[in-house]
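Participant: Same order as they appear, the protein sequences are chains A and B. Each step along the first sequence adds one to the number in this note's numbering, with nothing skipped, and position 206 is 206. Each step along the second sequence adds one to the number in this note's numbering, with nothing skipped, and position 209 is 209.
It should be emphasised that the hints constitute simulated quantities derived from the structure, not laboratory data. Check each hint, because a few of them may be wrong.
Stated by the list, open to error - Derived coverage of chain B by chain A (criterion: at least 3 residues anywhere in the stretch with Cβ under 8 Å from a Cβ of chain A; other residues may be distant): (1) 57-67; (2) 160-166; (3) 188-201.
Owing to the predicted nature of the structure, the values given are computational and were not obtained by experimental measurement. We put the beta carbon where it would ideally sit given N, CA and C, even for glycine.
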Amino acid sequence: MNTLNTFMFVAFPYVAMITFVIGTAIRYRQTGFKVSSLSSQFLEGKKLFWGVMPFHIGLLIVLGGHLLAFLVPAAILAWNGQPVRLIILEVTAVTFGMSILVGLVGLLHRRLTNERIKAVTTRMDIAIELLLLAQVVLGCWVALGFRWGSSWFAADLSPYLWSLFKLSPETAAVFALPVVIKLHIFGAFLILFMVPFTRLVHIFVAPLHYISRPYQQVMWNWNKDRIRDPKTPWSPTRPKNN
Amino acid sequence: MRRNTATLLTLPVGAVALAIAIGGLLLPRAAAAQDGEKLFKTTCAACHSIGGGRLVGPDLQGVTERRTKEWLHQFIPASQKMVKDGDPTAVELFAEYNNIPMPDQPLTAVQVDAILGYVQASGAPPAADGGGGEAAPEPTPAPVEPPATPEQIQLGQDLFTGETRLAHGGPSCISCHDVTNDAIIGGGILARELTTVFGRLGGNGVRAILGSPPFPVMQAAYEDRSLEEAEVVALVSFLEQVSSEQSNHLPRDTGLKLAASGAVGTVLLLLLYSLIWGNRKRGSVNQAIYDRQVDSI
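Bound-form chain A, shown alone (with noise of 0.2 Å):
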């Protein structure tokens, strides 16, 4: 047990970390355009937005509220002071949770149903979407079970992971946790040594340019009126072959 412990939370932590690291940076040097998620909104758009959006959003505002309580832990302690506070925090949380849950459901369903989809998906795609699947469903389940999780991650896993980076890990905390918390804890480093093999990089090269991006402006050299009516051939002669 002990053996299975350390593995999971002192020696893979560090597997990891490395493999993350590493191995985005050999991903990006051999095979640097293929540093993408290659995007699907071209063969699909509707079911896209409605996933696409909960999942993202959803993610960077957990995901961003686990890295302030790793980084300021003594901050998110006296948010958490005023009950009130605590409860706007931890709703605020499962909400977002809740909709990287359904987003992430929803992507599954597109990508598991959808031809035009399938035909651009790998089994890597497929594995790493359960992993989230499962990593997600853990989260929510440790939220809503285990609450009040932002005031004891602040004061129990914010110094073990502090202590993996400080390499003198403290894990007798982490070894006495419910083994849903340790299963997520474990898979959060699990997704971070995905990271370099799958779809996963594109985090890295997220178009932010765009936000602040000026217009196109696009110009049309003919008549649109005339072009959109379905009525009108693309050509005086009439295409025969399609």
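With chain A's structure known, arrange chain B on it following the hints.
Facilitator: Only chain B this time, still in chain A's reference frame:
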């Protein structure tokens, strides 16, 4: 491409090797903490004394004579398992101490030996009752304390919920513990429910646990952030009041409310997204061209 994949796949192997190397550097640290006295104070002293009478659990003076070494090595890391397996001594002890389970201690055999060595060394000559009985020494009389003032109870409540921060910055009790009391919001459920803790463990037991938590998760949370004496007294008086007033309060369904708020919040979020991106381009970019072609056949 094949070469690239191969390079990528060799990476985990390298990473494992590196991690093992790091692990090798770290391992000697684990063996360092074998100081029996220090271990006893951090792990056992909350519930056990050596010759000071029973606290939450038995007085450990002479325990190494009363029990065999094998029994102790089995009991300390997994006492509840022994109770469930029907070990007669374990079952008897469990009943005698009000069915309060001893938390499993994640100690190595070497650490257990260090603690037992300390217990043996610091206990005066073993109790003269010939062994067997647990009730040997008279409990030290608890100091007579003045009853808690309303201010103390209020301070205890504020410390419990976090409205008054603990002086050394530790997390408030509500992070992990719940009590049935209408005056405060529903507490955490990572750790034990504390409504009846005062009745079960008594003031001394609660004070001992707050002074030096024997549970690893609680220990880590309050490492370098231990509670002050006045805080412990206030919290104990609050828990005493909670315990005595429990019949006036109804249990709450905080978990259900949290889940429901999350579900409602998710629906509201989806509505918000549809408002913000209501006039987005639906369908793919070439949808219009595709439709036009189909129509013009």
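Participant: All hints are to be evaluated individually against the structure, with a verdict given for each.
Facilitator: Status of the hints after comparison with the structure:
1. 57-67: violated (count 0)
2. 160-166: Since 4 is at least three, the answer is holds.
3. 188-201: holds (count 3)
Going through the hint list in order, the structure does not satisfy hint 1, though it satisfies all others.
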